[in-house]
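Visitor: Residues per chain are reported as follows:
2 protein chains.
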Amino acid sequence: MNDAKKRRILLGVITLGAALAMILSRGSGTGVTPSAAAVPANSLDQIMQDRGLTPDEAEAALKTFVPPGKHDEFMMITSGGHRGSILLYGIPSMRLLKEIPVYAPDTWQGWGQGDTDSAEVLKNGSFGKGLPVQTWGDLHHPQISLTNGKYDGEWVIATDKSAGRVAIISLRDFKTKNIFKIPNANSDHHGVFTDNSEYIIVSTFFPTPFSEPNGYAPIEQYQTKYRGTVSFLRFDRTKGEIVVPESFQVELPPYFQDLSIAGRGPSDGMFFINSMNTEMATGGDMEGKPPMEIGASQREMDYLHVLDWKKAVEVAKDASKTKVVNGIKVISLPTVIAENLMYFVPESKSPHGVDLVPGGEYVIVSGKLDPHVSAYSVEKIKKAIADKNFEGKDPFGIPILKYDACLEAHIQTGLGPLHSVFDNQGNGYTSHFLDSTVVKWTIGPPYNPPDKAWKVVDKVSVHYNIGHLQAAGSNTRKPWGRYLVALNKWSVDRFPNMGPLHPQNLQLIDISGPKMKLLSDTPTIGEPHNSMIIPIEILQPWAVYPEVGFDPLKMKHSEYATLQGEESIKRDGTTVTVNGTVVRSHFKPDIVRVKEGDKVVFHWTNVETAEDATHGFGLHGYNVNLSIDPGATQSAEFIATKAGVYPYYCTEFCSALHMEVTGWLLVEPKKDVKG
Amino acid sequence: MNDAKKRRILLGVITLGAALAMILSRGSGTGVTPSAAAVPANSLDQIMQDRGLTPDEAEAALKTFVPPGKHDEFMMITSGGHRGSILLYGIPSMRLLKEIPVYAPDTWQGWGQGDTDSAEVLKNGSFGKGLPVQTWGDLHHPQISLTNGKYDGEWVIATDKSAGRVAIISLRDFKTKNIFKIPNANSDHHGVFTDNSEYIIVSTFFPTPFSEPNGYAPIEQYQTKYRGTVSFLRFDRTKGEIVVPESFQVELPPYFQDLSIAGRGPSDGMFFINSMNTEMATGGDMEGKPPMEIGASQREMDYLHVLDWKKAVEVAKDASKTKVVNGIKVISLPTVIAENLMYFVPESKSPHGVDLVPGGEYVIVSGKLDPHVSAYSVEKIKKAIADKNFEGKDPFGIPILKYDACLEAHIQTGLGPLHSVFDNQGNGYTSHFLDSTVVKWTIGPPYNPPDKAWKVVDKVSVHYNIGHLQAAGSNTRKPWGRYLVALNKWSVDRFPNMGPLHPQNLQLIDISGPKMKLLSDTPTIGEPHNSMIIPIEILQPWAVYPEVGFDPLKMKHSEYATLQGEESIKRDGTTVTVNGTVVRSHFKPDIVRVKEGDKVVFHWTNVETAEDATHGFGLHGYNVNLSIDPGATQSAEFIATKAGVYPYYCTEFCSALHMEVTGWLLVEPKKDVKG
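Chains as they are written, first to last, in our numbering: chain E, 72 to 746; chain L, 72 to 746.
Bear in mind the hints are in silico, worked out from the structure with no lab data behind them. Computed from a prediction, not measured in an experiment: that's the story for all the values here. Hints should not be assumed to be uniformly reliable.
Any copy will do: because identical chains look the same in the list, a pair fits if it lies in one copy or spans two.
As the list claims (entries may be wrong) - Subject to a maximum C-alpha distance of 25 Å in a straight line, what follows is the list of computed DSS-like cross-link-like pairs (lysine-lysine):
#, residue 1, residue 2
1, Lys-666, Lys-248
2, Lys-588, Lys-141
3, Lys-670, Lys-194
4, Lys-194, Lys-473
Produce the entire structure from the sequences given, and follow the hints as far as they go.
Guide: Set out below in structure tokens:
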């Protein structure tokens with residue numbers, strides 16, 4: 072941007088011409104120019120000495136610093152956990168670039184704070200009749216949409232462990248467009264896109280008796296009446312919506328289904344889901360039974376679910392093979408078996424991660440109570456299925472493939488292995504919760520020759536209790552490598568004491584060389600559960616909305632758009648509708664007169680076209696704050712329940728005369744109250 | 072912390088003895104030790120070259136980097152604006168260390184998300200009958216409590232421009248303890264502590280007709296019936312509460328009262344408030360009147376309010392001189408005049424800041440439409456009052472001191488001067504919104520000799536549209552200097568494009584030398600309006616609560632504390648009360664059986680004593696998530712409105728067996744529904 076243009080934007084739409092012209096003519100010559108002194112050659116050494124930096128630390132400083140005005144190379148799109156949001160971090164600076172509100176309100180961004188659009192999104196995404204509108208979610212696994220198995224930078228989806236739903240966020244404006252409450256799913260820990268984003272596939276974590284009347288059955292009927300589901304949600308990538316008639320579910324046994332991944336390359340059409348609690352323990356620690364931590368850890372092996380999802384799509388098209396349960400087609404467990412849609416592969420008990428190497432040849436699983444990483448060969452799994460090489464069936468009749476027939480490698484890596492990610496040089500990286508380490512190992516052929524395959528080659532300590540880890544592009548056909556981030560659950564002493572609630576700790580690790588190198592610690596807000604790392608250059612966001620009077624939710628012209636000169640206040644019975652504009656530096660109208668008991672509807676259009684010229688509409692008393700980006704039209708409505716004088720004002724510091732961007736909602740008392 | 076202790080904490084309370092013992096005995100020997108390679112001497116140059124860093128940029132990198140595991144020196148306690156929170160940044164790293172929820176919910180921290188304590192705090196802090204509970208606020212000016220005019224690190228208060236209230240946050244656990252809704256104040260842009268935190272003093276921004284029936288009067292009666300107030304709220308620093316019977320208000324003319332500061336040293340007992348809109352414009356841009364930006368900018372001068380607050384305290388003790396309005400004592404405007412409590416000093420129109428040099432000798436004001444910083448001498452103001460050196464009275468009868476009799480210096484600094492802060496070397500720094508600069512100038516005697524006083528000595532560009540700025544300890548008798556942060560309202564092109572809503576930009580500036588040096592840019596969430604910077608070593612927080620079964624809100628033993636072995640589920644009519652515990656790695660109880668329509672009350676005690684061992688209680692369907700820090704007891708209650716099976720689980724990743732920390736709320740259908 073050239074300086075003249077920048078200056079025009081910063082100064083904005085000058086409506087107070089006289090005052091500013093007067094000021095500008097005075098000039099501001101102080102006789103001092105900004106400093107730009109050259110640094111003596113030895114000053115870096117001096118600073119290192121003054122600040123007690125070791126050479127390693129100085130190297131990390133220079134590797135992570137993004138100078139003022141320059142941009143990060145990568146963006147890490149991270150879940151906020153039970154903060155219900157998505158957090159964006161820049162890499163290598165690890166600066167928190169933005170938070171996108173999803174399941175929980177963000178009053179700064181006007182999300183869920185009196186804005187009619189977000190209120191509708193949150194309501195539609197809730198459990199429904201008889202239960203409150205959800206104002207939180209446990210946002211766990213953001214996934215970037217894929218084209219040909221690579222990030223296309225268009226959409227992000229994110230599941231909610233607390234509620235069984237999926238949110239769809241546009242990367243054009245970094246805003247949530249809709250939340251789809253999945254029927255027959257009370258929870259979903261994880262969801263993924265297929266290779267071309269045809270489907271969003273989401274498994275339940277907690278099984279429930281969703282087919283029973285009232286969705287209720289005693290916990291004693293857990294094995295007979297509780298079931299999990301995996302949902303195949305047809306994604307309309309033009310609209311950013313789920314197409315329910317083209318979606319379906321596959322009924323699953325009442326294990327806790329967990330993470331999952333869709334195949335590619337040799338595993339194209341396959342879908343893998345981890346499970347735990349194949350013991351089907353239900354707890355009951357005040358009823359004479361062991362707690363879940365004991366009950367769900369009895370068996371040595373749980374089951375990796377291997378689905379033929381492309382076949383399931385065909386089965387779901389046959390109405391005789393599905394039933395509609397709570398509005399969505401379901402393929403029942405007997406049909407799953409009859410149609411050979413699913414097989415189990417034994418996996419070390421209670422695993423966290425199921426990951427797929429870039430080409431799709433190996434599935435990587437780690438049982439958290441087993442100090443090994445297990446690599447399954449997709450070809451071996453396919454052959455075992457073809458050969459019916461079973462070791463038995465589970466209690467529901469699902470065939471279990473022989474473990475040895477599927478396993479490719481078993482690498483001893485350390486205590487508490489959880490998740491694995493991959494770089495662009497044939498290496499895997501596994502997080503270890505108990506050891507607090509990241510261990511680097513080599514993938515088998517064709518990534519490395521057999522004699523160099525499945526070997527541990529490096530290990531780095533992290534701080535502390537790492538859960539997920541992520542590397543740039545790891546979940547795709549084309550990883551970029553370079554950086555890895557450890558998402559550590561505990562920070563203990565890594566940051567200043569700020570009371571009993573500690574931040575979690577994101578650690579940036581340089582993986583460009585043969586040895587990993589820990590670069591920096593970053594405290595977090597929320598629970599940054601998992602992430603995806605994408606080069607920033609792939610993103611194509613709008614810096615301002617494409618037209619004035621734009622509906623951010625529907626991403627098209629707003630029916631309530633108001634241009635300057637078109638402002639109005641209209642009364643229709645007891646409803647007062649305000650079609651207003653906001654610009655630097657006033658609201659129009661700036662006085663709105665209503666009567667106690669009236670319904671008041673505000674439609675505000677920010678008529679600015681300059682980048683960054685966001686205005687807010689903060690209204691006293693009625694709990695409303697809108698954030699209105701340049702070009703956007705945003706609405707609020709409420710009943711004026713109480714007489715009085717309610718100022719409103721711009722909540723975004725927009726201009727030199729920002730403090731004057733004010734107005735009055737005057738609510739006249741009812742006559743009978745007055746008289 | 073030694074390694075053995077750290078390991079014990081990380082592994083936690085081992086309840087699954089057998090499984091873990093088995094694992095630990097296997098060992099994790101991978102034959103690889105963590106890397107700690109030395110850096111070649113020239114590698115810093117190589118990294119600079121590879122990353123294109125200039126010597127200036129490399130210097131900034133080394134000055135700002137806080138190595139992994141090391142701590143920042145200072146903490147910046149920053150307002151989150153209409154995010155309704157307080158943000159904590161580390162200096163020099165500028166990492167976001169924490170967000171403290173205040174006026175708006177934070178579902179991660181369980182604030183306002185089904186927790187009975189925070190629900191009560193938010194409700195008590197709302198407008199009251201007839202208006203909704205506020206779930207946002209425009210948190211503008213955090214202030215750290217003072218002892219002898221210096222930060223004591225005990226409390227933070229923060230006002231709300233949108234609602235006229237003050238929140239009180241403890242720096243023992245970094246949590247909000249209470250929100251006091253100030254009567255007769257619809258808004259408060261700013262509030263400060265007196266020198267020993269005896270009072271919190273808060274002015275209204277928007278005047279309202281608070282004495283009228285229904286709090287309503289037509290805007291046409293603005294001059295006669297609308298009034299501002301400045302509240303003197305007696306602070307009980309032991310309890311962290313406002314003592315209403317010892318509090319009072321001073322009625323003010325219907326100007327927009329803005330920032331303020333309490334005197335010290337020669338200005339001890341004085342209180343200074345800026346004002347704007349002494350024109351008493353009300354807008355009306357759809358009623359044939361000019362918008363506020365024009366109407367409120369007509370006069371060349373507004374009024375700096377100078378109050379004798381210690382005298383006002385005495386006047387307020389005399390019942391004959393106050394009236395009680397909406398529950399609080401008010402000194403009316405005629406009494407203010409009769410008792411000589413307030414004088415006006417002309418100030419350049421529409422100023423933003425009123426700041427006091429460390430020793431309290433000069434008051435610094437900048438009219439944003441005047442390219443000068445004005446320094447008023449406290450001694451001259453006192454003399455003008457004593458001499459009755461008036462130039463007239465305002466329309467309400469307040470005497471106006473002669474401008475020239477009070478002014479000490481008038482420094483030309485640039486366009487759009489707003490706020491000033493001070494270092495420990497006799498310098499002031501003023502932000503300039505229109506120029507986007509920070510200008511450094513010298514304070515007058517005794518800080519500098521007369522020939523070196525009131526001179527501009529340096530200027531640095533900031534990016535862009537700076538509002539407040541802050542330097543370590545600037546608002547106290549003892550600034551620390553070293554670092555200055557520019558809180559810039561716009562970032563335009565400084566960060567990657569992330570849609571139409573841009574972050575704001577915090578810029579760290581090194582002020583330790585004669586020339587300012589811009590070190591780094593940091594994007595923000597929220598609107599980080601103003602801040603205070605304190606050395607971290609002054610803070611004395613709890614790392615865990617002092618006992619198991621602690622009530623975080625009341626900061627004492629909880630009446631609902633439950634220890635292990637004391638857990639219970641009790642039914643009393645249609646109320647089911649659960650007194651439970653949570654520990655690594657289970658809830659007890661983990662099955663709760665109720666009937667549709669029952670009231671369900673959960674009291675959970677986290678029985679952990681290890682630092683960082685926070686547990687969550689996330690309940691499906693009923694919109695509840697608690698965050699339960701080590702030792703804390705937290706509660707939730709709701710009606711089980713809908714039959715079904717509702718899992719609950721720990722939302723903080725607490726341990727290796729975290730995924731197993733689950734339970735079931737079973738809501739049995741009513742018999743009539745079932746049969």
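Visitor: At most 25 Å between alpha carbons: which applies to Lys-666 and Lys-248, within, between, both or neither?
Guide: Neither way: Lys-666 and Lys-248 sit 35 Å apart in one copy and 37 Å across, limit 25 Å.
Visitor: When no copy is named, should Lys-194 and Lys-473 be tagged within, between, both, or neither for a Cα gap of at most 25 Å?
Guide: neither (46 Å within a copy, 60 Å between copies)
Visitor: Is the C-alpha distance from Lys-670 to Lys-194 at most 25 Å within one copy, between copies, in both cases, or in neither?
Guide: both (21 Å within a copy, 24 Å between copies)
Visitor: Classify it for me, Lys-588 with Lys-141: is the Cα-Cα distance of at most 25 Å met within a copy, between copies, both or neither?
Guide: both (24 Å within a copy, 17 Å between copies)
The structure fails to meet hints 1 and 4 from the earlier list, while all remaining hints are met.
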